[in-house]
Amino acid sequence: MCIAFLALSILTLVLSLEYPYKDRLGPGPAFFPVWMSIITGALSLALFFQTTWGKSVVDLTATLLPERQGVWRIIIILVALLGSLALLDPLGFRISLFLFLIFLPLGLGGVNWWVALIFAVAGSFGVFHVFYYWLKVPLPMGMFGI
Amino acid sequence: MDALQYWILGFSVATLPLNLLYAFIGCVLGTLIGVLPGLGPAAGTAILIPITFGLDPLGGIIMLAAIYYGAMYGGTITSVLVNVPGEAASVITCLDGYQMAKQGRGGPALGIAAIGSFIGGTFATLALMVVSLPLATFALRFGPPEVFALLVVGLSLVTGLSGRSMLAALIMTFFGLMLSMIGMDPVRGAPRFTFGVPPLYDGVGFIPVVMGLFGVGEILLSMEKPVLEVIKTKFTDLLPKRKEWGVSAGAIGRGTVIGFFLGLIPGIGAIIPTFLAYVVEKKVSKHPEKFGTGIIEGVASPETANNSYANAAMVPLLSLGIPGSPTLAVLMGAFIIHGLTPGPFLFKERPDVVWGLIASLYVGNVMLLILNLPLVGLWAKLLEIRYQFLYPGILLFCILGAYSMNQSVFDVGVMIGFGVLGYIFRKLDWPLAPTILALILGPMMERALRTSLEMSAGDITILFTRPISAVLLAVAAIVLISPAIRLLGKRAGKD
Numbered sequence: 001m002c003i004a005f006l007a008l009s010i011l012t013l014v015l016s017l018e019y020p021y022k023d024r025l026g027p028g029p030a031f032f033p034v035w036m037s038i039i040t041g042a043l044s045l046a047l048f049f050q051t052t053w054g055k056s057v058v059d060l061t062a063t064l065l066p067e068r069q070g071v072w073r074i075i076i077i078l079v080a081l082l083g084s085l086a087l088l089d090p091l092g093f094r095i096s097l098f099l100f101l102i103f104l105p106l107g108l109g110g111v112n113w114w115v116a117l118i119f120a121v122a123g124s125f126g127v128f129h130v131f132y133y134w135l136k137v138p139l140p141m142g143m144f145g146i
Numbered sequence: 001m002d003a004l005q006y007w008i009l010g011f012s013v014a015t016l017p018l019n020l021l022y023a024f025i026g027c028v029l030g031t032l033i034g035v036l037p038g039l040g041p042a043a044g045t046a047i048l049i050p051i052t053f054g055l056d057p058l059g060g061i062i063m064l065a066a067i068y069y070g071a072m073y074g075g076t077i078t079s080v081l082v083n084v085p086g087e088a089a090s091v092i093t094c095l096d097g098y099q100m101a102k103q104g105r106g107g108p109a110l111g112i113a114a115i116g117s118f119i120g121g122t123f124a125t126l127a128l129m130v131v132s133l134p135l136a137t138f139a140l141r142f143g144p145p146e147v148f149a150l151l152v153v154g155l156s157l158v159t160g161l162s163g164r165s166m167l168a169a170l171i172m173t174f175f176g177l178m179l180s181m182i183g184m185d186p187v188r189g190a191p192r193f194t195f196g197v198p199p200l201y202d203g204v205g206f207i208p209v210v211m212g213l214f215g216v217g218e219i220l221l222s223m224e225k226p227v228l229e230v231i232k233t234k235f236t237d238l239l240p241k242r243k244e245w246g247v248s249a250g251a252i253g254r255g256t257v258i259g260f261f262l263g264l265i266p267g268i269g270a271i272i273p274t275f276l277a278y279v280v281e282k283k284v285s286k287h288p289e290k291f292g293t294g295i296i297e298g299v300a301s302p303e304t305a306n307n308s309y310a311n312a313a314m315v316p317l318l319s320l321g322i323p324g325s326p327t328l329a330v331l332m333g334a335f336i337i338h339g340l341t342p343g344p345f346l347f348k349e350r351p352d353v354v355w356g357l358i359a360s361l362y363v364g365n366v367m368l369l370i371l372n373l374p375l376v377g378l379w380a381k382l383l384e385i386r387y388q389f390l391y392p393g394i395l396l397f398c399i400l401g402a403y404s405m406n407q408s409v410f411d412v413g414v415m416i417g418f419g420v421l422g423y424i425f426r427k428l429d430w431p432l433a434p435t436i437l438a439l440i441l442g443p444m445m446e447r448a449l450r451t452s453l454e455m456s457a458g459d460i461t462i463l464f465t466r467p468i469s470a471v472l473l474a475v476a477a478i479v480l481i482s483p484a485i486r487l488l489g490k491r492a493g494k495d
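Order-wise, the sequence lines are chains Z and E.
As numbered in my numbering, residues 1 to 146 make up the first sequence, in order.
As numbered in my numbering, residues 1 to 495 make up the second sequence, in order.
Bear in mind the hints are in silico, worked out from the structure with no lab data behind them.
Please note that the accuracy of each hint is not assured.
Claimed, not checked - Derived CB-CB ranges, DEER-like:
| # | chain 1 | residue 1 | chain 2 | residue 2 | range |
| --- | --- | --- | --- | --- | --- |
| 1 | Z | PHE144 | E | LEU378 | 33 to 43 Å |
| 2 | Z | ILE10 | E | PHE53 | 33 to 43 Å |
| 3 | Z | MET141 | E | ASP459 | 49 to 59 Å |
| 4 | Z | TRP114 | E | GLY292 | 51 to 61 Å |
Backbone N, C-alpha and C fix where the C-beta goes; we use that ideal spot for every residue, glycine too.
Between the sequences and the hints, there should be enough to build the whole structure, so can you do that?
Take a look at the structure:
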């Protein structure tokens, strides 16, 4: 993680050099990014040295992966989220979220399909009705206009 | 207008039927958010911002504030019945609350939490009415150097108190500041780090980031072990035994004072007041060894401190424009979405909003008490919703909330991306609060620093030669350096 932050700070520093550091009125658009990236880079290096060679008060490199069942559930959720992201504009809120709400409970398992169906219809069409018509929140209609 | 007239104005606005309805809906939704595992108050408040779009600014803010302090109480229910805190401030309540539930005394535990929350919240609101106006008037004297120094203090407190590793917390703060630089330069208005992507011209959406880090990230983490074991308890008897009232009264009094004073410090967060209240209670107790075995003062004190803190934390937000926690940062974001900027000028320009909101806190505390004592059994039932439906339902509202901010699918993508990041950060025990606060305060901070340097023709000593900013920066330096000094002292002691 320290390396990731170090890389981010170097990238930010390089990109910020495209903007003026100073102009006739005072500090320019690059002023803040340059200093922020330098400080972030220095802190990342310090933490890297602390965790690698020094005495760190906390284990910042703890294991990321959960047990197999947990990994499976997390993957299902991410697939459902990315699917809804891809389908939200082309299919509209109701259809994409209907698919999201039927896929996710069935994917997580232990659920009757007809209960999932009722849940998906109520969650997608019901929520759309409340937010779009009652609360006047604009939501995507999709290519089919529904 | 004097203070009394402002109070009257506030109550006349807050008790309008529509505003009472908004406060009530907010209390119900807030308690719901607090109860539901996988949805903390920050993400919950962020998700529910869209429902306030059609409301007038004051109505919307009243509802969101009610969601905020409602969630503070709701978190107690899961702490007591499931041993899983609904939000971070309820962690300490698990110790005695859960033990009480196991002994069949979940009812009195939740009852005393509701009563303590009411007393603590009400006292803090009254004190807020007294403190906020003088503080806001004082803050009107602040120029850009003082504003910058104040923001540094706020961020350094969040950083210094939010994690076990100061370096990790500092990196997370600077990560938030770096995220805040994406979009339009706050001084010159030129685009920065936008890579030709139009949605980035408005910057990284604060609300999708909160939903991602605190909502999606939390759900992904919960997915590792999603099944909760709810303790069945009877809610026919919600009040403590007669002999418990005495110790509870003392605990509630101490919790109120601790919560209020710590709430005044910007950036301290809700966890420290509850822990401190618990520790103090243990110190003053005649039987400290019983703490953790299910005694009522172990619930009364932190729960009172929690709500006292929640109301008092409105002081730095309203008077200085500095949010003390991620949830208050979301509330600040909601203010901005509704065209209002929290801070001293709001007292001058929109006293109806400021005093209406403060009075609504008082009204909301009464509502929460009425709502929570008789309905505690109903809230407990919600914990039995199966995770296969609960988490998809929460994610549905996350998608809806993220999209509806700017009608942008890009924001949904930002939410998902930060959800994965939030999961990783939580797994590695990196604190999230500094990133959120830095993200919302970053543009203000940059503007204040650069304007200060323009005022002084590039001379950085302007920050140290003006008395208020010098004192504030000294405070920030002490906060940031003290852990290192303590560590060095410990090592020297060992040697």
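Hint check:
Distance hint for PHE144 (chain Z) and LEU378 (chain E): a CB-CB separation of about 39 Å, consistent with the stated range 33 to 43 Å. Our hint of 33 to 43 Å for ILE10 (chain Z) and PHE53 (chain E) holds, since their Cβ atoms are close to 40 Å apart. For MET141 (chain Z) and ASP459 (chain E), the hinted distance range of 49 to 59 Å is satisfied, since their beta carbons lie about 56 Å from each other. Checked against the hint of 51 to 61 Å, the pair TRP114 (chain Z) and GLY292 (chain E) fails, with Cβ atoms roughly 46 Å apart.
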